[in-house]
Amino acid sequence: MTKNFLILLGAVAVLTATGCTQHKVEVAPVEVKPIHITIDVNVKVDRALDNFFGDIDAAKDQIEGSSKSGE
Amino acid sequence: MLQQFGAASVKAEGQLNGRIPLRYQNGQLSFKDGFLFTTPGESGKIRMTDTEILTAGIPPDTPQHVQMELARKALEDYDYSWAKLNLTTEGEDLLLKMQLDGKPAKSLPFVYQRDMGGFAKVEADVQGSTFQGIRLDVNFRLPLNKIMQYRELIQMIQKSRE
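Those protein sequences? They're chains A and B, same order as listed.
Residue numbering for the first sequence follows my numbering, starting at 15 and increasing by one per position.
Residue numbering for the second sequence follows my numbering, starting at 2 and increasing by one per position.
What the hints contain is simulated information worked out from the structure, not anything from laboratory work.
Mixed in with the good hints there might be a few duds.
[Claimed, not checked] Derived lysine-lysine pairs resembling DSSO-like cross-links, with alpha carbons at most 27 Å apart:
| id | chain 1 | residue 1 | chain 2 | residue 2 |
| --- | --- | --- | --- | --- |
| 1 | A | Lys47 | B | Lys74 |
| 2 | B | Lys85 | A | Lys58 |
| 3 | B | Lys98 | A | Lys58 |
| 4 | A | Lys47 | B | Lys122 |
| 5 | B | Lys104 | A | Lys47 |
So here's chain B without its partners, still in its complex pose:
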């Protein structure tokens, strides 16, 4: 779903259950209180790449940027114990709320620095940290219909060039 919205490339293992009420009216797609959740007691794996959208617009070398980098790294290979996804349309925007509970499959190249009260990225040859657990809440607000409209236009342009 995130891949369709151009937010990230996602590969996941596991089962999702839920309901997504869709409405298509006057060429506009909308969702009403849609939800998906993983089967209770069944864990799985998520591999998310092309997640530059998470750090877009955040100045580098800021604590916020490092935190986003940490989240991005964690999502590259993440073992979840449960996951939930909520979809609803608000005005012209799609609100996509993704909740994940689990931990990164490998240690991450970040260390906690007490003096700055946050995480800092470490060099490749320095050992990072093993995270016992990372709970992630990612709230996307996407102008869905505009994105789909432009994707169609871009695809049309690409096809006309072929």
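Chain A on its own, in the form it takes in the complex:
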């Protein structure tokens, strides 16, 4: 009788313990407080590109010059 009672008590204890280990996990995104970002952007036109278009400009001037002299 005592043995049965102890088994029953053990089972109740296990069930109770199982009930206690239920966890609810909620994953919420981390909140970040207000921040301030400063960005400096300096755009430069490459000298090589200058020279590349410089050739085109020179050719254009030459064509315009020769067409004017032909007039």
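Position chain B relative to chain A; hints supplied.
Using the frame of chain A, we list chain B on its own:
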């Protein structure tokens, strides 16, 4: 305006007020203390893409690069409470100062790392952070007339090919 200068592609909702004094002399365009600002009390939305110019020249895997990436991500979908834009010409350069106050519409894939004292990018499956507010000051220095000159040339070349 940023789109015209080749700095970024921008879509925005809201109203801007202000004055932009322009001067065109000897084929050169210049601005003198121009300014635009959003209507006080009226918030809006900005979606800025093609902002590679912000990270150009910054070595990847550096804290500066991550910070720029954060700013770029924030500007992709940004709810502003106010915005200001100042334009002025200094020498051959156009100084374009953009000030924004607001926050990203969605959480961003970045987390703050205390040990490095900055933000780190997280993988796609990891939850990022919700930013309560990001104040952004972006100062552009652009050789405006050269950019416009080359854009015209490139457009001429493209048209001649068509």
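We went through each hint and held it up to the structure:
1. Taking the CA atoms of A:Lys47 and B:Lys74, the gap is about 17 Å. The hint holds against a cut of 27 Å.
2. Proximity of B:Lys85 to A:Lys58 is assessed by CA-CA distance (about 24 Å); at most 27 Å being required, the pair is judged to hold.
3. The hinted pair formed by B:Lys98 and A:Lys58 meets the criterion: a straight-line CA distance of about 17 Å does not exceed 27 Å.
4. Among the hinted pairs, A:Lys47 with B:Lys122 is consistent with the structure: their alpha-carbon atoms are about 17 Å apart, no more than 27 Å.
5. Restraint check for B:Lys104 and A:Lys47: satisfied, since their Cα atoms lie roughly 11 Å apart, inside the 27 Å limit.
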